[in-house]
Amino acid sequence: MNKPAGAHLHLAWACKANAHNGDNFLAALTLTNLSDQVLPASGWALYFNTCRKIKPETVTGNVLVTHINGDFWSLAPAAGFAPLQPGESRTFDYEGLFWVISETDAPLGFYIVYDPNTPQAQMQVIGDPHIAPFATEGQRNRNDSDEVALASAGKTFADNAGLSLLPAEAVSKITPTPLQYTAGAGQFVINASTYIVHGAELANEAALLQAAIKDVSGQTLQRAAFKPAGVAAIELKIAPVAVKDTLAPGEAYQLQVSAEGIVLTGASAAGVCNAIQSLRQLLPVAAYLNPQAELAVAACQVQDAPRFAYRGLHLDVGRNFTSKETVLRLLDCMALYKLNQFHFHLTDDEGWRLEIPSLPELTEIGSLRGYTADETDNLVPCFGSGGDVAGKAGSGHYSKADFIEILKYATARHIEVVPEIDVPGHARAAIKAMNVRYTRLMAEGREAEAKQYLLCDFNDASVYESVQLWHDNVICIALESCYNFIETVLHDVKAMFEEAGAPFTTMHTGGDEVPNGAWEKSPICQAFMQEKGMTKIVELQNYFLARYRDLLKKYGLVFGGWEEIALVKKEVNGEHTHGPNPEFVNANFRPYVWNNVWGWGQEDFAYQLANAGYKTVLSNVTNLYFDLAYAKDPLEPGYYWGGFIETRGAYEFVPLDIFTTATVNLFGKPLDKDNIASKVRLTPEGIKNIIGIQGQLWAENIRDRSRLEYLAMPRIIALAERAWAKDPAWTSIADVAARQAKMDADWNEFANRLGQRELPRLDGFPRGESFGGYGYRIPLPGVKVEAGQLYANVAAPGLAIRYTTDGSDPTPASPLYTGPVAATATMKVAVFSSSNRRSRVVSV
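If you use this note's numbering, the sequence shown closes out at 879, no skipped numbers anywhere.
Please note that the accuracy of each hint is not assured.
As the list claims (entries may be wrong) - The calculated BS3-like cross-link candidates involving lysine-lysine, where the alpha carbons are at most 30 Å apart (straight line), are:
1) K604 <-> K589
2) K190 <-> K249
3) K262 <-> K272
4) K571 <-> K604
5) K605 <-> K714
6) K529 <-> K556
7) K650 <-> K761
8) K88 <-> K51
9) K359 <-> K443
10) K708 <-> K190
11) K88 <-> K704
12) K88 <-> K249
13) K605 <-> K567
14) K279 <-> K650
Unchecked claim - Here are the computed distance ranges between Cβ atoms for each label pair:
15) P168 <-> S741: 20 to 28 Å
16) E172 <-> R582: 48 to 56 Å
17) T153 <-> S124: 24 to 32 Å
18) D71 <-> H165: 17 to 25 Å
19) S434 <-> V699: 41 to 49 Å
20) H165 <-> L99: 51 to 59 Å
21) N494 <-> G122: 45 to 53 Å
22) I103 <-> R774: 50 to 58 Å
23) E172 <-> A773: 32 to 40 Å
24) V573 <-> E172: 40 to 48 Å
25) P705 <-> A773: 15 to 23 Å
These aren't lab readings, by the way, just hints derived from the structure by calculation. The structure displayed is predicted, hence computed values, not measured ones. Quick reminder that beta carbons are idealized off the backbone N, C-alpha and C, glycines included.
Please build the complete structure, drawing on both the sequences and the hints.
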């Protein structure tokens, strides 16, 4: 019998309701046969990814739904399934855990396999389903207790009500805000006759400046060691710069612009690089879209230094792969806003993305995802990556040459790369790759080599499930081969840093989310514990941390990791919780603390660790997880388990008192003030141990460059402001009304910076082959209709609002909104960037 091609099978998915049987949801998956062939009653299975657990016993339609591992599932016909005739549709209703309120929650990446588990198996790609609109409040709210307001044009209008378009002179010309900016008289014009004057020690910085000027003028300025007589110049110097209140005095700089020339002085080469970024921001914004041969820079004097030494951005490429070119674009944006730490999350359960020359299987197996019978050729699909192995975000890795290029690119911009190789959990890609290596070498009779880097106990009967639903993602830390593996990876990574001439100071080890139950029924682990006199799993885990610490010490590296590396389980008033682990306070551990979800009870972990003596990086989910959705809107991509984060949420993060803006929990309910008051605050010594902050971009929902840049920007600009600039004045205002008024005024100025300066600049930056402008998120318009008039506003004043009255979507030629207009039933409104990209369209 012929079978329908995958392209001739169509799927549609719909959320039917949330809050069913408590915190469960109801959904429906409809399969339509668009071919002229019958889909038989047996001999096939659909495979797909969903992060929401399905309750198999609730599925209707005579099919069997099976959780295979992680977010990977199958649906196959059961007894009684009738063949699906040409043109026929079949709907399978089911119940799942928790809720589904956005398109991000839908199952994705469907493919069908005929004759699965046989040598005759054939795979055909179907793709993503059509997702039905989330039309009702019951579909868009998590449960009956969900008080987070739904996104709407009216709500957006109200949120933007305090914003107004400021005159250009009232908007800061440099972001992040410098310590001191003094306007002068006149201007300096950069043109083809301007020289860049610098010493040999600043050749790299001079080259960066030269390239930056060429980008916006088309002119390649000449460089010289000494200023020729009578020649206008931009001079680069290293000299002491007197500043206060900085954790990074070496990054201080002074920028002087007068009619005679420009002088950039840094306390170090990094300081000079910071001065260059500020000068780039003083160049005419219009030149980024339309290069100008002459660039007028207003006279001014800037004295500046960063608040924090560590100003980071984390990018996960393990869950989905990001191309080298997109990483370079991201580094350019980081440099422009003076972020100096790139946390490169290179491995996870779902992918190993860095070539390790000594262990080629890591990328030969661990960097590929798609249809597989046994994962000896590639890993299973995840996050909707689908059945095809090639050409999808699920597959890909950086060659040694790629990684060295990234390292050189970052180092030239004074950005340090912090690689993350995640262990002992989140290690499934590595485990599977080393299993393939083991099997190959054993077949060749090379047993000793086969076991040299083995990461699992094949007889481990431990039962566990990770947060991401994996059952086999934790390495066996009682095997000596696991330490051989770690050291070999360290050795090869260090060699690449050395070849690139890049600083390698920190290895981020992950160390997070090891599920309960791991190692408990591993014969190897239990025998090892008995041999060492251990009685608790936590002792085994501490042994692993100590061994890893010694390896990192051998390589002269800081032990970075998520907060779990510095926490230990403890009992308080009969309840089990976590607290700082005293064993590693002085062990050069650097915890990156993400968990401050309001209402979870761990909001003060970062401050506990800093007070205990750990050098701490704030990575708070509630303000700094940029993979979370901007708003509670079914069409906004991103998760929301830690909340919804508008750009203002990142901007108003207060690093040394995160409770300042804590008002509601995940479901929009007011926080218990007494409970918040009981949380740990930073001590004077603890303050010294907060070394900086970092934004996070996790990649479960990042399938391409456009999605990455949409999620990252403009929130990355707000991150830079908080990492560099001092706390805004409103943080010290006690009166509630006065404080709110100052908060609103500060946000208005920053929002105008985005709309008038920063986003237009990003429209034409970075340049270079195939680069073009950044795909930042253009905010949706706020709209209200009152007394027959339509009113509109935008979260970034300066961006254009355009509308139509005939039911068509707005275009760059549509009327520009400048004030209230007569409302009609067919009006549509959208926001446009300076390059005429458009936001989503709002229908009235």
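Status of the hints after comparison with the structure:
1. K604 <-> K589: This hinted pair holds, its Cα atoms lying about 28 Å apart.
2. K190 <-> K249: violated, 43 Å
3. K262 <-> K272: holds, 12 Å
4. K571 <-> K604: With a Cα-Cα distance of about 11 Å, the restraint between K571 and K604 holds, given a limit of 30 Å.
5. K605 <-> K714: holds, 17 Å
6. K529 <-> K556: violated, 35 Å
7. K650 <-> K761: holds, 20 Å
8. K88 <-> K51: holds, 16 Å
9. K359 <-> K443: Status holds; Cα separation ~13 Å.
10. K708 <-> K190: Answer holds: K708 to K190 is near 27 Å, not above 30 Å.
11. K88 <-> K704: holds, 26 Å
12. K88 <-> K249: violated, 53 Å
13. K605 <-> K567: At roughly 22 Å apart (the allowed maximum being 30 Å), K567 and K605 satisfy the hint.
14. K279 <-> K650: Distance ~21 Å between K279 and K650 Cα, so the pair holds.
15. P168 <-> S741: 20 to 28 Å: Between P168 and S741, where Cβ atoms are some 22 Å apart, the hint holds.
16. E172 <-> R582: 48 to 56 Å: holds, 53 Å
17. T153 <-> S124: 24 to 32 Å: holds, 28 Å
18. D71 <-> H165: 17 to 25 Å: Hint holds: Cβ distance 21 Å, inside 17 to 25 Å.
19. S434 <-> V699: 41 to 49 Å: About 47 Å separates the Cβ atoms of S434 and V699, which means 41 to 49 Å holds.
20. H165 <-> L99: 51 to 59 Å: violated, 24 Å
21. N494 <-> G122: 45 to 53 Å: holds, 51 Å
22. I103 <-> R774: 50 to 58 Å: holds, 52 Å
23. E172 <-> A773: 32 to 40 Å: holds, 36 Å
24. V573 <-> E172: 40 to 48 Å: holds, 45 Å
25. P705 <-> A773: 15 to 23 Å: holds, 22 Å
Violated hints, listed in ascending order, are 2, 6, 12, 20; each of the other numbered hints is respected by the structure.
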